[in-house]
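Residue numbers (the numbering used here), protein chains in the order written: chain A, 1 to 563; chain B, 1 to 563.
Be careful, since some hints might not be right.
A few chain B residues that don't get close to chain A, going by computed Cβ distances all over 12 Å [stated by the list, open to error]:
1. Gly41
2. Asn126
3. His142
4. Pro183
5. Tyr206
6. Gly238
7. Glu273
8. Ser301
9. Leu303
10. Pro321
11. Ala334
12. Ser359
13. Ala400
14. Lys433
15. Gly504
Calculated pairs, DSSO-like style, for lysine-lysine (alpha carbon to alpha carbon, straight line, at most 30 Å) [unchecked claim]:
16. A/Lys505 x B/Lys542
17. A/Lys331 x A/Lys195
18. A/Lys379 x A/Lys428
19. A/Lys505 x B/Lys491
20. B/Lys513 x B/Lys458
21. A/Lys550 x A/Lys563
22. A/Lys491 x B/Lys515
23. A/Lys563 x B/Lys39
24. A/Lys491 x B/Lys505
25. A/Lys491 x B/Lys350
26. A/Lys39 x A/Lys187
For the record, the hints were derived by calculation from the structure and aren't laboratory data. All values derive from a computational prediction rather than experimental measurement. Heads up, the beta-carbon is just placed ideally off N, CA and C, and yes, glycines get one too.
Protein chains: 2
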Amino acid sequence: KQPVDVAEYLFRRLHEVGVRSVHGLPGDYNLVALDYIPKAGLNWVGNVNELNAGYAADGYARIKGISALVTTFGVGELSAINAVAGAFSEYVPIVHIVGTPSTISQADGQLLHHTLGNGDFNVFSNMSRSVSCVVSLLNDPHMAATLIDNAIRECYIQSRPVYLALPTDMVQKKIEGERLKTPIDLKFPPNNEEKEDYVVDVVLKYLHAAKNPVVLVDACAIRHRVLNEVHQLVEKSGMPVFVTPMGKGAINETLPNYGGVYAGDGSNDGVRERVESSDLVLSIGAIKSDFNTAGFSYRVSQLSTIDFHSTYTRVKFSEYPNVRMNGVLQKVIAKMGRLNIEDGPKPTNKVPSAEEESSSETITQAWFWPTMGQWLQPKDIVITETGTANFGIWETRFPADVTAVSQVLWGSIGYATGSCQGVALAAKEMGIKRTILFTGDGSFQLTAQEVSTMIRQKLNPIIFVICNEGYTIERFIHGMDATYNDVQEWKYKDLVAVFGGEEGKTARTYQVKTKKEVETLFKDEEFATAPFLQFVELYMPKEDAPRALKLTAEASARTNAEK
Amino acid sequence: KQPVDVAEYLFRRLHEVGVRSVHGLPGDYNLVALDYIPKAGLNWVGNVNELNAGYAADGYARIKGISALVTTFGVGELSAINAVAGAFSEYVPIVHIVGTPSTISQADGQLLHHTLGNGDFNVFSNMSRSVSCVVSLLNDPHMAATLIDNAIRECYIQSRPVYLALPTDMVQKKIEGERLKTPIDLKFPPNNEEKEDYVVDVVLKYLHAAKNPVVLVDACAIRHRVLNEVHQLVEKSGMPVFVTPMGKGAINETLPNYGGVYAGDGSNDGVRERVESSDLVLSIGAIKSDFNTAGFSYRVSQLSTIDFHSTYTRVKFSEYPNVRMNGVLQKVIAKMGRLNIEDGPKPTNKVPSAEEESSSETITQAWFWPTMGQWLQPKDIVITETGTANFGIWETRFPADVTAVSQVLWGSIGYATGSCQGVALAAKEMGIKRTILFTGDGSFQLTAQEVSTMIRQKLNPIIFVICNEGYTIERFIHGMDATYNDVQEWKYKDLVAVFGGEEGKTARTYQVKTKKEVETLFKDEEFATAPFLQFVELYMPKEDAPRALKLTAEASARTNAEK
Ligand SMILES: Cc1ncc(C[n+]2csc(CCOP(=O)(O)OP(=O)(O)O)c2C)c(N)n1
Ligand SMILES: Cc1ncc(C[n+]2csc(CCOP(=O)(O)OP(=O)(O)O)c2C)c(N)n1
Ligand SMILES: [Mg+2]
Ligand SMILES: [Mg+2]
Chain A
1 KQPVDVAEYL
11 FRRLHEVGVR
21 SVHGLPGDYN
31 LVALDYIPKA
41 GLNWVGNVNE
51 LNAGYAADGY
61 ARIKGISALV
71 TTFGVGELSA
81 INAVAGAFSE
91 YVPIVHIVGT
101 PSTISQADGQ
111 LLHHTLGNGD
121 FNVFSNMSRS
131 VSCVVSLLND
141 PHMAATLIDN
151 AIRECYIQSR
161 PVYLALPTDM
171 VQKKIEGERL
181 KTPIDLKFPP
191 NNEEKEDYVV
201 DVVLKYLHAA
211 KNPVVLVDAC
221 AIRHRVLNEV
231 HQLVEKSGMP
241 VFVTPMGKGA
251 INETLPNYGG
261 VYAGDGSNDG
271 VRERVESSDL
281 VLSIGAIKSD
291 FNTAGFSYRV
301 SQLSTIDFHS
311 TYTRVKFSEY
321 PNVRMNGVLQ
331 KVIAKMGRLN
341 IEDGPKPTNK
351 VPSAEEESSS
361 ETITQAWFWP
371 TMGQWLQPKD
381 IVITETGTAN
391 FGIWETRFPA
401 DVTAVSQVLW
411 GSIGYATGSC
421 QGVALAAKEM
431 GIKRTILFTG
441 DGSFQLTAQE
451 VSTMIRQKLN
461 PIIFVICNEG
471 YTIERFIHGM
481 DATYNDVQEW
491 KYKDLVAVFG
501 GEEGKTARTY
511 QVKTKKEVET
521 LFKDEEFATA
531 PFLQFVELYM
541 PKEDAPRALK
551 LTAEASARTN
561 AEK
Chain B
1 KQPVDVAEYL
11 FRRLHEVGVR
21 SVHGLPGDYN
31 LVALDYIPKA
41 GLNWVGNVNE
51 LNAGYAADGY
61 ARIKGISALV
71 TTFGVGELSA
81 INAVAGAFSE
91 YVPIVHIVGT
101 PSTISQADGQ
111 LLHHTLGNGD
121 FNVFSNMSRS
131 VSCVVSLLND
141 PHMAATLIDN
151 AIRECYIQSR
161 PVYLALPTDM
171 VQKKIEGERL
181 KTPIDLKFPP
191 NNEEKEDYVV
201 DVVLKYLHAA
211 KNPVVLVDAC
221 AIRHRVLNEV
231 HQLVEKSGMP
241 VFVTPMGKGA
251 INETLPNYGG
261 VYAGDGSNDG
271 VRERVESSDL
281 VLSIGAIKSD
291 FNTAGFSYRV
301 SQLSTIDFHS
311 TYTRVKFSEY
321 PNVRMNGVLQ
331 KVIAKMGRLN
341 IEDGPKPTNK
351 VPSAEEESSS
361 ETITQAWFWP
371 TMGQWLQPKD
381 IVITETGTAN
391 FGIWETRFPA
401 DVTAVSQVLW
411 GSIGYATGSC
421 QGVALAAKEM
431 GIKRTILFTG
441 DGSFQLTAQE
451 VSTMIRQKLN
461 PIIFVICNEG
471 YTIERFIHGM
481 DATYNDVQEW
491 KYKDLVAVFG
501 GEEGKTARTY
511 QVKTKKEVET
521 LFKDEEFATA
531 PFLQFVELYM
541 PKEDAPRALK
551 LTAEASARTN
561 AEK
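Same shape as in the complex, but just chain A (with noise of 0.2 Å):
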């Protein structure tokens, strides 16, 4: 009764759950299909290229809960693969929409440009089965809107990316378009009530009797959507709260009760001994991976955790299969009264005494990260790239509201500089005023060319490169002066004018190579509000790097030399 083309069908799906800009590149595959964003009232964002278009569809999903990628058939798609593989890894949903030859060549087997010259035309998509929740093959228009409600369904609720192959005659397909009326129904489905009340009760049961019970908030908290209900915990039960790394930014750090940064032997000052004298650890989300354990450290009895997740929930030993931790948690809140609390540890943002007196005026990570902390604003959305970066952060003590943004799992460099034009593009849409990337010079190398996007689309990020002559990460690990270890120097900030930028007008670059730089440029208002891109070369010392990192790092090349 209203005829509406697939294309149409799909990106109005995409306008309805939250999406509103669709990262990608144009290929022949798929151009008439971007004829229709525009129409669904969507922003084009035209990438750089695939991988950085699928890091910067990570990034935004990550901001506004969900995104869209749109790549063409083989040489987009695998170009774009590890991204999306990455997303999978950390849980962050994104439709990934493959324009691909029409239906009618594929029945052909025609030998077509971007074919493994075999006619198999499922090479790519079986490719991407294990790195996506859903695959389907949009190949059928009786089919269509079915497999793309339930694909953009379950790429929300398990938040995972989706695959979607949209054949070139399938696009201006004619499809009812009356379901468009109802929307997808993204609510978790609920526990069952009996099975929920059980655990409810269970948890209670060791919650009170604990005598210095804990919170530990891990990634899976932000990634299954139960920070609402973790805020709540926290506030109402003022039990001491930590995050590990790649929880950071899931708790308001001005908190009475934040303790800090957990990950074992690289805890924040004091953390280490509140959670590991626990005699219960709330676990919320873990992904006790090395890299967020400083090397699998951790040191917390299973004896004495709860670990709540989005697919189960486990007491001690005792699992739950399929007892999600939102209901559980609710219900925890809603009974739990009061409980015994032990103070945890404050953490600041000083800079540690050895650095506060110290007379070098050479910027040292130990003193850079907490002195970055006082100059963050509420708000503001941080991302870190793996590398000195993703470690310092766990000494930078946020404001209010601050929301992280790393890959300390998948840990593919150059994520970060991708991320962050979708992140910010995300933050302008959602008025929020600062995204702040923080990247190496090593890893800023593999995807520096997104700079350029940022400044066709008008967004306003703040970039530190930090400039210690290559990939010191590495070096900890193995070679610390072996040649494989540096990388070319680059005028980094003179790309900015390359890409368009246009200093002062809209752009900004800075170089800063001494604390006392660094205080001035934090403490100049235009640079903490300006409404273009800023670019900032930041020298931090080859052979610096952050405690937590070199433990990090010695555990790393332990592990991979173990006989």
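With chain A's structure known, arrange chain B with the ligands on it following the hints.
Chain B with the ligands only, in chain A's frame:
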């Protein structure tokens, strides 16, 4: 008796088959292995990202016969997989070595960085199976040497990528080095002699009966190493010889019997008529893909065709599996005697008369490509990118011994710039003077930072970026004025300084906007012979494309829309 470490064995074997530089990026799972590269007499390139490294390895292999690429588990290998797929599609031999977590970590299912968090350590190597002719996991020192030798041999013989997973704990395991004294056998397995003689007789029968036979040389003649035989056939017989777009560079274009490019409707002047009226086409190594045939406008009857391939020979409709072309052609050449010869057209680098007469100073596609042909020198290597360049080059007649590199079947943009790094490095190693790249502004943006590696490795390519305000090739397929076919305007040549090139000392840049400026540049002796990287911004109109591109684009749009 002569124990060597697994990594030493591997790199010594690569050296033995002709590899002198290893492309790739470090990562903690491959760092220890990288220490063995200089010890084996190899140069570590240190690319800027893995996709570029893969493209560069592809370019290097096209010139040197084989190449090596080192990446790290998950993040590195998946970033490169599009390049590897391209090499698989286009028959380019790359030994892809992936540093993986130790066998112990894998057996324990540790939650390591660069995993999907699900304990599956085979998911990435499995993805590579569909784009590699061999995938070997070097998990056992007893098998390592055999697996390495086999992979290198298959890589070379099948002329396709192979994948070797090297766990961190295997790198330094001792294995017997005695077998290094016996080189890997890289000879093609000979055909069954009786069968081969039979096929030769059939071929000779038709060849002697033919009134106006021609030879048509395509990509697989180059990639499967039959050019010596083809040259002899062509020179000895005097038959008119043509190349397809993907076969460009296979034939000495100064030969009197060289006739030009055949690609159906997109053929050079007079070529279509001559080829399609021939009563016998000896088709060598054909890949009849859409972009290699101007949209399947190839019109040669199978009834007047003999197909020579690496895995079979086909005479009209009679197929002879497992009869490789090399042996057959050698015997045909020896036995063919005198043939009936009817001349073909004689291609030139004359500018079309309409262009010749035009007083406009605008650099048009029709004017540029033949003009450029007059500037080329013997032995040049010319790389062209998917876009106007890949079609424009059909109108360029080469001096003797020019090698052409392009990716017409896979067609991944950004390829040409990455590839140029590997090609220029191979050229340097082989004493070849000039590597010349023609890429589009849109394509260049995807992989621009590989220019940094060229500067770092002190290479001297001449890079032309065709500045025409975006994706002209796509405009001709769909969306002539669509904003998704625009790109951000860059100050392209300023990148050279950003990447460390010093104007006039270690690099030189140019901008040409008129025919006169092109002519001046082409007369400039310094430009023709500079020992360092040179970069030219070449301005052409947005809506201008080579004739062959227009035809192909129309055909593509038709195929995409087919109902
Ligand atoms: C795509 C990808 N390639 C390679 C690696 C291995 N790797 C991890 S960190 C790193 C170096 C990062 O160097 P830089 O960004 O300069 O950081 P810093 O010097 O601050 O440590 C490398 C090469 C990776 N994680 N991802
Ligand atoms: C990795 C990849 N992404 C997208 C495409 C689709 N595509 C093919 S050609 C092209 C535009 C090339 O533009 P440019 O390099 O400027 O060439 P020209 O303007 O000379 O045609 C695009 C986007 C592709 N082939 N490969
Ligand atoms: Mg660095
Ligand atoms: Mg262009």
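Hint by hint, here is what the structure shows:
For B/Gly41, the condition that its CB be more than 12 Å from all CB atoms of chain A holds, with the nearest at approximately 16 Å. Look at B/Asn126: its CB is around 7 Å from the nearest CB on chain A, not clear of 12 Å, so calling it non-interface is violated. With a minimum CB-CB distance of about 16 Å to chain A, B/His142 clears the 12 Å threshold, and the non-interface call stands. The beta carbon of B/Pro183 sits about 28 Å from the closest Cβ of chain A, which is more than 12 Å, so the claim that it is off the interface holds.
For B/Tyr206, the condition that its CB be more than 12 Å from all CB atoms of chain A holds, with the nearest at approximately 25 Å. Here B/Gly238 stays apart from chain A, with its beta-carbon at least about 32 Å from theirs, past the 12 Å limit. With a least beta-carbon separation of about 25 Å from chain A, B/Glu273 lies farther than 12 Å from that chain, consistent with its non-interface assignment. The claim that B/Ser301 is not at the interface with chain A holds, since no C-beta of that chain comes within 12 Å of its own (minimum 18 Å).
Even its closest Cβ contact with chain A, about 20 Å, leaves B/Leu303 beyond 12 Å, as expected for a residue assigned away from the interface. Once the 12 Å rule is applied to beta carbons, B/Pro321 is consistent with being away from chain A; the minimum gap is 16 Å. The beta carbon of B/Ala334 sits about 32 Å from the closest Cβ of chain A, which is more than 12 Å, so the claim that it is off the interface holds. Under the 12 Å C-beta cut-off, the non-interface status given to B/Ser359 relative to chain A holds; the minimum distance is some 33 Å.
Residue placement check: B/Ala400 keeps its beta carbon more than 12 Å from all beta carbons of chain A (closest about 30 Å). At the 12 Å boundary, the C-beta of B/Lys433 stays outside the reach of chain A, the nearest C-beta of that chain being 24 Å off. No Cβ of chain A approaches the Cβ of B/Gly504 within 12 Å, the least distance being about 17 Å, so the stated non-interface status holds. This hinted pair checks out: A/Lys505 and B/Lys542 have alpha carbons roughly 28 Å apart, not beyond 30 Å.
Taking the CA atoms of A/Lys331 and A/Lys195, the gap is about 12 Å. The hint holds against a cut of 30 Å. With a C-alpha separation of about 13 Å, the suggested pairing of A/Lys379 with A/Lys428 holds against the 30 Å cut-off. For the given pair, A/Lys505 sits about 17 Å from B/Lys491 by alpha-carbon distance, which is consistent with the 30 Å threshold. The suggested pairing of B/Lys513 with B/Lys458 holds, with an alpha-carbon distance near 28 Å, which does not exceed 30 Å.
Under the criterion of a C-alpha separation no larger than 30 Å, the hint pairing A/Lys550 with A/Lys563 is consistent with the structure, at around 22 Å. At most 30 Å may separate the alpha-carbon atoms for a hinted pair to count; A/Lys491 and B/Lys515 exceed this at roughly 33 Å. Using a Cα cut-off of 30 Å, the hinted pair A/Lys563 and B/Lys39 holds, with the two alpha carbons roughly 24 Å apart. At most 30 Å may separate the alpha-carbon atoms for a hinted pair to count; A/Lys491 and B/Lys505 meet this at roughly 17 Å.
For the hint linking A/Lys491 to B/Lys350, the alpha-carbon distance of about 43 Å lies beyond 30 Å, and the restraint is violated. Between the alpha carbons of A/Lys39 and A/Lys187 the distance comes to roughly 28 Å, so the proposed pair stays at or under 30 Å and holds.
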